[in-house]
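K.L.:
Order-wise, the sequence lines are chains P and R. Residues in the first sequence are numbered consecutively from 142, following the working numbering. Residues in the second sequence are numbered consecutively from 142, following the working numbering.
FYI, nobody ran anything at the bench for these hints, they're computed from the structure. Treat the hints with caution; some may be incorrect.
[Stated by the list, open to error] List of simulated lysine to aspartate or glutamate pairs, EDC-like, C-alpha gap at most 20 Å:
1. R:Lys309 with P:Glu175
2. R:Lys144 with R:Glu304
3. R:Lys307 with P:Asp169
4. R:Lys307 with P:Glu300
5. R:Lys309 with P:Asp187
6. P:Lys317 with R:Glu282
7. R:Lys309 with R:Asp257
8. R:Lys307 with P:Glu250
9. P:Lys309 with R:Glu282
10. P:Lys309 with R:Asp169
11. P:Lys307 with R:Asp281
12. R:Lys253 with R:Asp281
13. R:Lys309 with P:Asp172
14. R:Lys317 with R:Asp159
15. P:Lys309 with R:Glu250
[What the hints assert, rightly or not] Per the computed footprint, the stretches of chain P lying under chain R, defined by three or more beta-carbons under 8 Å from a beta-carbon of chain R, are:
16. 263-271
17. 287-294
18. 298-305
19. 308-315
Glycine included, each C-beta is placed from N, C-alpha and C at the ideal position.
2 protein chains.
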Amino acid sequence: MRKLIVFNHVTLDGYFVDANGQFRWGYDGNDDPEYQAFVAENASGDGALVFGRKTYELMASYWPTAVADQHSPAVAAGMNNMSKVVFSKTLNEATWKNTRLVKTGLIAEIRKMKSDSGPGMAILGSGSIVAQLARENLIDEYQMMLDPVVLGRGRTMFEALPEPLKLKLIRSRTFKNGKVYLCYTP
Amino acid sequence: MRKLIVFNHVTLDGYFVDANGQFRWGYDGNDDPEYQAFVAENASGDGALVFGRKTYELMASYWPTAVADQHSPAVAAGMNNMSKVVFSKTLNEATWKNTRLVKTGLIAEIRKMKSDSGPGMAILGSGSIVAQLARENLIDEYQMMLDPVVLGRGRTMFEALPEPLKLKLIRSRTFKNGKVYLCYTP
């Protein structure tokens, strides 16, 4: 049974992306060495990544570029080499290295992937995917990096969840840059 | 110069009240003794309370009752005796003990109150008040109790803030019941 986690930056008003689908504020505070070490460690796993279309397109347009390679070579190499799945009804192909496109049957496909053996899986961004999987209780861990900023508008990962989801805090860590890492299980 | 703080429970999707204006989930975990002691200490100040109409009506309909007195006598006595201000264009009177009604001029009145000498002031609930005062940079401290629950819908304290508000984390504390207390300054 493979574990499925979500990792997202979240603002103090609960948004993982702003009204334009961006999350630039998440990069503030990257000059904190302790935080940097945590991020590098966190990104170094050998797991697979799971995306919805919007997050996939954002990431696929950045990580394979020379800019990404210059700015964060280790993370870029990791992102490009990791096994990736994008769920989208509208995409016709997924050209980012090591990416598999799944056009229908999100829930069934995730159940199947979870029942396989293999490394853990992580969803980044992808609010619509998170909300659908949370409803079906298919997410094993919610990891959030709570950033010290309020946006006023944006999107949550949990839009229109049909009933409240009570979680259990299993780990937390506060960084000097004011970010708070929080890890919850259902 | 009096300090003005905000204290609110907030869900993991950023809401201080649910879609019906309620915050019942905030009472979960009240059986954690360390958390109980923190709440009692936090509520024991001699400051003044500031409300918008909705939160005022919710609190004024509960704290003066016999149920509140039986269930939480110390907090009820504190809430009833504290000096309170409610801002509302539509209320005609404020009958809860020690409450002053201010019908217009929120920003000017808060500026005046802050410039007086006296104990600190705290806003509870009152999202529309928080959003208006945050814009004018009149809030000195944002205290949040982050509850381990996701609602899917609700209201944030910061609706339609015209631009992002960057904050500084100055204190945090994690409780065994999974709540995380966070304190930020602008």
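K.L.:
Find the hints from earlier in the document that the structure breaks and name them by number, from lowest to highest.
P.N.:
Violated hints (numbers, rising): 2, 4, 5, 7, 8, 9, 11, 14, 15, 16; every other hint is consistent with the structure.
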